[in-house]
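Number of protein chains: 2
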Amino acid sequence: MATSGSIYITPVSIDELDDVSTAELSADQQFLQKAMQILFTEGVIKAGDRRTKVVEYLDPHVLKETFDLEIKEKGVGTDKLLQLLKDTLKYSVRSANPRFFNQLYAGQDAYGLVGQWMTDTINASMSNYEISPVFNLMEVEILKILSDIVGYEKSDGIFCPGGSIANMYGISMARYHKYGEAIKTDGLSGLPRLILFTSKHAHYSISKGAAFMGFGTKNVYTVEVDERGRMIPEDLEKQIELAKQQGHVPLFVSATCGTTVYGAYDPVDAIADLCEKHDIWLHVDACWGASALMSQKWRHLLHGVNRSNSVAWCPHKMMGVPFQCSAFLVRDHIALMHNVHCSGATYLFQQDKFYDLSYDTGDKVIQSARKVDAFKLWLMFKAKGYIGFEQEINIKFANSRHLAKTIEEREGFQLVVEPTCTNVCFWYIPPCLRNMNKDSNEFNTLLGKVAPIVKERMLKGGTLMIGYQPLDDKPNFFRQIFSNAKTTFQDVEFIVDEIDRLGDDITISDLGKNK
Amino acid sequence: MATSGSIYITPVSIDELDDVSTAELSADQQFLQKAMQILFTEGVIKAGDRRTKVVEYLDPHVLKETFDLEIKEKGVGTDKLLQLLKDTLKYSVRSANPRFFNQLYAGQDAYGLVGQWMTDTINASMSNYEISPVFNLMEVEILKILSDIVGYEKSDGIFCPGGSIANMYGISMARYHKYGEAIKTDGLSGLPRLILFTSKHAHYSISKGAAFMGFGTKNVYTVEVDERGRMIPEDLEKQIELAKQQGHVPLFVSATCGTTVYGAYDPVDAIADLCEKHDIWLHVDACWGASALMSQKWRHLLHGVNRSNSVAWCPHKMMGVPFQCSAFLVRDHIALMHNVHCSGATYLFQQDKFYDLSYDTGDKVIQSARKVDAFKLWLMFKAKGYIGFEQEINIKFANSRHLAKTIEEREGFQLVVEPTCTNVCFWYIPPCLRNMNKDSNEFNTLLGKVAPIVKERMLKGGTLMIGYQPLDDKPNFFRQIFSNAKTTFQDVEFIVDEIDRLGDDITISDLGKNK
Chain Z
1 MATSGSIYIT PVSIDELDDV STAELSADQQ FLQKAMQILF TEGVIKAGDR
51 RTKVVEYLDP HVLKETFDLE IKEKGVGTDK LLQLLKDTLK YSVRSANPRF
101 FNQLYAGQDA YGLVGQWMTD TINASMSNYE ISPVFNLMEV EILKILSDIV
151 GYEKSDGIFC PGGSIANMYG ISMARYHKYG EAIKTDGLSG LPRLILFTSK
201 HAHYSISKGA AFMGFGTKNV YTVEVDERGR MIPEDLEKQI ELAKQQGHVP
251 LFVSATCGTT VYGAYDPVDA IADLCEKHDI WLHVDACWGA SALMSQKWRH
301 LLHGVNRSNS VAWCPHKMMG VPFQCSAFLV RDHIALMHNV HCSGATYLFQ
351 QDKFYDLSYD TGDKVIQSAR KVDAFKLWLM FKAKGYIGFE QEINIKFANS
401 RHLAKTIEER EGFQLVVEPT CTNVCFWYIP PCLRNMNKDS NEFNTLLGKV
451 APIVKERMLK GGTLMIGYQP LDDKPNFFRQ IFSNAKTTFQ DVEFIVDEID
501 RLGDDITISD LGKNK
Chain L
1 MATSGSIYIT PVSIDELDDV STAELSADQQ FLQKAMQILF TEGVIKAGDR
51 RTKVVEYLDP HVLKETFDLE IKEKGVGTDK LLQLLKDTLK YSVRSANPRF
101 FNQLYAGQDA YGLVGQWMTD TINASMSNYE ISPVFNLMEV EILKILSDIV
151 GYEKSDGIFC PGGSIANMYG ISMARYHKYG EAIKTDGLSG LPRLILFTSK
201 HAHYSISKGA AFMGFGTKNV YTVEVDERGR MIPEDLEKQI ELAKQQGHVP
251 LFVSATCGTT VYGAYDPVDA IADLCEKHDI WLHVDACWGA SALMSQKWRH
301 LLHGVNRSNS VAWCPHKMMG VPFQCSAFLV RDHIALMHNV HCSGATYLFQ
351 QDKFYDLSYD TGDKVIQSAR KVDAFKLWLM FKAKGYIGFE QEINIKFANS
401 RHLAKTIEER EGFQLVVEPT CTNVCFWYIP PCLRNMNKDS NEFNTLLGKV
451 APIVKERMLK GGTLMIGYQP LDDKPNFFRQ IFSNAKTTFQ DVEFIVDEID
501 RLGDDITISD LGKNK
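Quick note, the sequences are listed as chains Z and L, same order.
Heads up, the first sequence is in full-length UniProt numbering, so the first residue is 1 and it goes up one at a time.
Heads up, the second sequence is in full-length UniProt numbering, so the first residue is 1 and it goes up one at a time.
Next up, chain Z with everything else stripped away, as it sits in the complex (with noise of 0.2 Å):
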């Protein structure tokens, strides 16, 4: 049948090929194994190990003139780039570390490596069943675990590039739940204004989605929290009747479980009381709080999550998936993602394939073609167990109460707030103002500068990473995050030691310079 001339080849499975000899590797395979040696020794045994800075810091324009990151006509040698892998991992920071807790992910897990690297290796995308079977499977099934564990028994979902995205994904099945086909073919051009509620201490994202989905920010209402950071009912229900007197549609509340600074669980049985009352969308940010209930221990503190219509959950945050790995699950309205985002482009979503049509995401998404998140964490899964995942996160929160604790027993530490998630917030007062009175302006003032101060010092002595901000009237506070179940008691009693360390010898005078 070959009449021209092409090679004719009848393939074997991949298991069934056996002559492969590495001894004849081309140029570009010789490179990859030899980075593969540093990513092992550089990337996972050093950056993982405590001895080695969190961070090697260097100001951008001391890191531009020191890395060469220069391309030119020509490609480089294998060496040469060989170094640029070594100078890569040098100069980034090392989340792998135990001392690594300045964001809301922390650590390196072996098993959901592997995972992301065997992804990134099939360079699979999630669209359709026939380019992805294998991972579209396990989407299938962790997406059902996922919802099993909140408590939806039907359910529908997918995992999106962030938790910033799942939210806005919750915003769109609102919007289409109430107004149906006529929202998505005509916009929101003639219709009243309607009315998105969250707390004041919410992720910045549902005003971010309420600016992109053509809602406006102004029709986001903030609600009030009390002294823990949790959204207050009375209050949501006050803004709720006020849209209605203004003559708005409420529509959608997102109620937030762990928030961002203080790790605060909103009520979320109570809201969800208002929003059937009311017949509103309740949507649940559990982004950084939804690994909480995969703990016996800790899952009550999303009491009545199964409620919601639908949830947002980042499985890369403290369950400590590789980055990125974000889930969106919608409650009940299993064709709903279908019929909200379908575009029906018969160049992609076929419907004369052979097989069953069910797993074919692409069009319930706005993406197109996604990246495969399912795999690193149904790895981890296989792996670990449910028990492994619970005994993990159960460490994340002894370490938060060990460090709560720890604080509290030590001169110069003040807690911002009783820890609720794994976020431990608090200040670090050094000697020359703790003879301050403590209710005054200038008390207040001159503590909001001594955080920036010991970050720049802990960033250039690369011993720890821990974030800082303000919030509300309160100055600038630490919000040390623990995410990576290989911290220990001792790391936890080190920030302490180490934030004293570095900012004991701070000065009224140094306070008053620093802008």
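The hints are simulated quantities; they were obtained by calculation from the structure and are not laboratory data.
What you were told as hints is all true, and nothing was included just to trick you.
Each pair may be met inside one copy or between any two copies, as identical chains are not told apart.
The calculated BS3-like cross-link candidates involving lysine-lysine, where the alpha carbons are at most 30 Å apart (straight line), are:
1) 74 / 297
2) 178 / 277
3) 178 / 144
4) 218 / 364
5) 64 / 34
6) 64 / 353
7) 64 / 154
8) 460 / 364
9) 144 / 277
10) 486 / 86
11) 80 / 486
12) 46 / 80
13) 34 / 486
14) 460 / 86
15) 353 / 200
16) 277 / 244
17) 474 / 449
18) 46 / 34
19) 46 / 86
Dock chain L against the given chain Z, drawing on the hints supplied.
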């Protein structure tokens, strides 16, 4: 200073830590090391070998029985996990195989893959300089390079999760550019209908964006195309005038460079004239076709693209960068992206940091933290130089022209349209149809049933993967995509031979049975 139970360590630079023994690896590190060997042998060496099947196809219900998907209370051991990795590779599609042509992306670039693995190992996110110093510098560097290639003198941009979202950024910019801060705060509800224009062969993401962003799909006006699939500027102007007569506001034109099916390039220069005349934002969806800019021989296809206001370009397609790598670029308006999308969340974007804040990108996107998509492209650039990419693009175009020529010379094959990009669209006409009247409805109905049958046989044999779809009044045809520089002329000829082999015994009765 260490007064409590903490162990004080003064950490060293990673390249100073020498006493690292791999003799005492933990169980998870041992797993990781063994997994790396599987990735290399099975996922790289064998997967890229023509002698292995492109796909080991199983129907969803069969794969579900074959593959041990289930998650249990307890985890499984290393041996079992390693076997599952092999199974994952076995039943996943091998897009590394030079005979995989199903998507707009294909191939497995060793440099790109190492870049992706490195990104995952470091597990950084893009949001602030301090959390990903190296990658932030590289993103800026690479975006500048892409902008220069497009021909923008001043520009801003971002990597985003796919071309669809890149196109939505274009819409978002257009809207804010016209209405300013008011559109962000007030939304669309009080405004007249804003009209988006794109061709009937454009990607569905414009329509998805119109739905998601609150415009409504009926406010996407569809412009006619010529016989090669290019937008007809005269019809665009007609549609613009129509929108004005209807009292609506023409806001945004998306010209396509490299349509999904035909690979057509809209005449950007002529469209830019109209957009200037009517004061409309010109976005170019060059997700697929922009990579032709890398070649002196083929960059003329995008003549005029430097006049656009924004452009979307996915190097993960024709440039062979691992999925996903999608750039959104905007001309001139340097601060606009930030203004359009910022929320000003103080806990993330502290203004009292001690370094240059211009590298903190988290507040100019709709996501919060993003995956690092720049490094793999940077590493490929470093390894190949501009010249290496140019050579590869030229190979892909040459393959497409060679296939078109082969098809024209071969009985039973017919081009749907002359290729422009590396798409080659063609029908396979099995012997049983060759004597029929080609203008008859019956012929066209039967012809439309050929591709699904051949595709099913192709998947089940694992020799090739090519997509098919209908378009307008044209029955199902194959769309062959060249995105892998390792594909040779012999592979090209194999395509034709193999389709002939798979399809030549198709009978009229087979075609009648297929729904």
